[in-house]
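A.B. asks: Quick note, the sequences are listed as chains A and B, same order. Each residue of the first sequence is one higher than the one before, starting from 1 at the first, in the numbering used here. Each residue of the second sequence is one higher than the one before, starting from 322 at the first, in the numbering used here.
Since the hints were derived computationally from the structure, they do not count as laboratory data. Bear in mind that the values here come from a model prediction, so they are computed numbers and not experimental data. Note that beta-carbon positions come from the ideal geometry of N, C-alpha and C, so glycine has one too. A hint or two may mislead.
As the list claims (entries may be wrong) - Listed next, the stretches of chain B that the computed footprint assigns to chain A, with coverage defined by at least 3 CB atoms under 8 Å from CB atoms of chain A:
1. 455 to 465
2. 472 to 480
Said to hold, decoys possible - Below, computed lysine to any residue pairings styled on SDA-like, alpha-carbon distance capped at 25 Å:
3. Lys-395(B) x Arg-140(A)
4. Lys-293(A) x Ser-283(A)
5. Lys-395(B) x Ala-147(A)
6. Lys-395(B) x Gly-56(A)
7. Lys-307(A) x Ala-136(A)
8. Lys-74(A) x Gly-460(B)
Protein chains: 2
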Amino acid sequence: MTRHSAVPPPVTAVLDASSRWLPARLGEVEEILREQGEGHGETLAGDAAMTLEAGGKRLRPMLVLLCAGEEGRKGAVRAAAAIELVHMATLVHDDVLDAAPLRRGRPTVAATSGRGRATATGDLLFSRAFALLAAAGEGRSIELLSAASVALARGELAQRQDAYDTSIDEDRYLERCRLKTATLFECACRLGADDDALGGFGASIGLAFQLLDDVLDVRGPPERTGKARGTDLLDGTVTLPLILAAERDPGILAADLRSLDSAAAEALCDRIEASGALRQVRSRALEMVAEGKRRLGAAGFDAERRKLFDLVADGVVQRYS
Amino acid sequence: MTRHSAVPPPVTAVLDASSRWLPARLGEVEEILREQGEGHGETLAGDAAMTLEAGGKRLRPMLVLLCAGEEGRKGAVRAAAAIELVHMATLVHDDVLDAAPLRRGRPTVAATSGRGRATATGDLLFSRAFALLAAAGEGRSIELLSAASVALARGELAQRQDAYDTSIDEDRYLERCRLKTATLFECACRLGADDDALGGFGASIGLAFQLLDDVLDVRGPPERTGKARGTDLLDGTVTLPLILAAERDPGILAADLRSLDSAAAEALCDRIEASGALRQVRSRALEMVAEGKRRLGAAGFDAERRKLFDLVADGVVQRYS
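Generate the whole structure from the sequences, applying the supplied hints.
C.D. replies: See the structure below:
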């Protein structure tokens, strides 16, 4: 249940379809992100810059821009940069927590610069997100983003609280996914246009995103995900694949997660996969994406914009197909 | 160069002098702080609540309220709570970085709940600070507080970057103190009333606060500070006492900070004290406080308010006398 995997973005398809305006605005977002790691007369923010330049899918900024639309309000580019800064901050902090050596196939800030600098780098990215919006007087965006940040931290705390607890059920798991992932996707959409249909769409695909990420942690392969299989199991993070596998194959819970080594974690991954649970999780995620599309369909957006939304939604799924 | 020591607050003197209004508002701040750790239908925020309830000097909230004045704007109580939340967030994160077992004589969140929960708890407190202000539409306060938070993180990064580097000079040290400590004191004053004289006063006493804290790290005694002498030296943090001591006693730099154990750190503390550097640092800090008072004296505040400001300034010094 990490928040990310090193798979190429579905950006290209969306950019092709949307012709001119979206690439230019994504370019402006990148420019703002680059500025965040520079320009204070010192190189202290080097880690921050490294993190930002390492790229990523920029899914959340793209959602902000798409929801704002071609004629969207001027603040959308700034809001897109701000939400990516918050996302990056959580990634840097996650890597501190997990002592993760790699992220997207590159060494993490925590690995190259130590926990201390990584924690401060996350704090810097986080602070800059709000400073960026505050300087532009974007009060409503700050309200949305700070509320989503509260949810992220609560989700992280919930996950820590649940660690190694194999008695947690699907509802609890889904609540964690909402806090930790879906809320930020919903926030991205609302930053673009504060609309319930768009917010619901974001929440649906965000939840699907997390479910599919958790499938990937079990299934790998490592050369695609950029991390070892069973990382969640080794961290004690009980995800839906394990919960559903245990319903089909109760003996699966005989293993004490605290005593797993990486070989045992891989073996447990194989057993989860053999139970058929991964197909079940994947199918739920696809249903969530379909539901997200249906909600938008009922909201009266024009065909061109719906096509773009569908492409982003499909992109979330294609990363894992 | 930690940000805190376990010495009782100078609050009482200020409260006595200000008669009625200040204690009531500080009580409202405490109420808001308490709410931040509750009320989400779960006990996840327990660590956050524990951190907040552990109390502290509440110096920054008091500065906000004093600068806002008895007739101050309604948002002052909220701003006072928000700046304390940011301050607490940095303390929780500092304890993660330093793996500190104790803070104010109590176990740290990092020690009782692990780095993971402590990092997330800091993120939660931080997010709540901005959510609190955003919900009330306090745009200018968010701008001030996010800028100060950026400075805090940059100061932390600068300190990490300088670790074990005994060639850093006084200017660099002071720049770090400004980023890490003085800016938040200045921000507290400006949150109360966005006035250059008040901001300058806050910056002066904030800088003095950090210098005196760094004296205390060398001098102790541990039963008053709640931590071992020489903690900064063991962390590789070069502070003004060491910089000035080395000017008087160059042989003091023969020790490689990386190889210090706690006995060697205490011996180095004794040698720094013997050099007379602590008296020199203390005298600079007192001059900064006097300068801060002079600035306010020229700004035309009435006698009653100046008396309150002087009491806070003296409180910063008295903690260390």
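A.B. asks: Confirm or reject each hint.
C.D. replies: Going down the list of hints, with the structure as the test:
Given as covered by chain A, the segment 455 to 465 of chain B passes the check, having 6 residues with a CB less than 8 Å from a CB of that chain where 3 are the minimum. Taking a C-beta to C-beta cut-off of 8 Å, the segment 472 to 480 of chain B contributes 6 residues in contact with chain A, enough for the three needed, and the coverage statement holds. At most 25 Å may separate the alpha-carbon atoms for a hinted pair to count; Lys-395(B) and Arg-140(A) meet this at roughly 20 Å. With a C-alpha separation of about 15 Å, the suggested pairing of Lys-293(A) with Ser-283(A) holds against the 25 Å cut-off.
Of the supplied pair hints, the one linking Lys-395(B) and Ala-147(A) holds, its CA atoms being roughly 22 Å apart against a limit of 25 Å. Between the alpha carbons of Lys-395(B) and Gly-56(A) the distance comes to roughly 43 Å, so the proposed pair goes past 25 Å and is violated. Only pairs whose Cα atoms come within 25 Å are accepted, and Lys-307(A) paired with Ala-136(A) is rejected, the gap being roughly 31 Å. Simply put, Lys-74(A) and Gly-460(B) have alpha-carbon atoms about 18 Å apart, close enough for the 25 Å limit, and the pair holds.
Checked against the numbered hints above, the structure violates hints 6 and 7; every other hint is satisfied.
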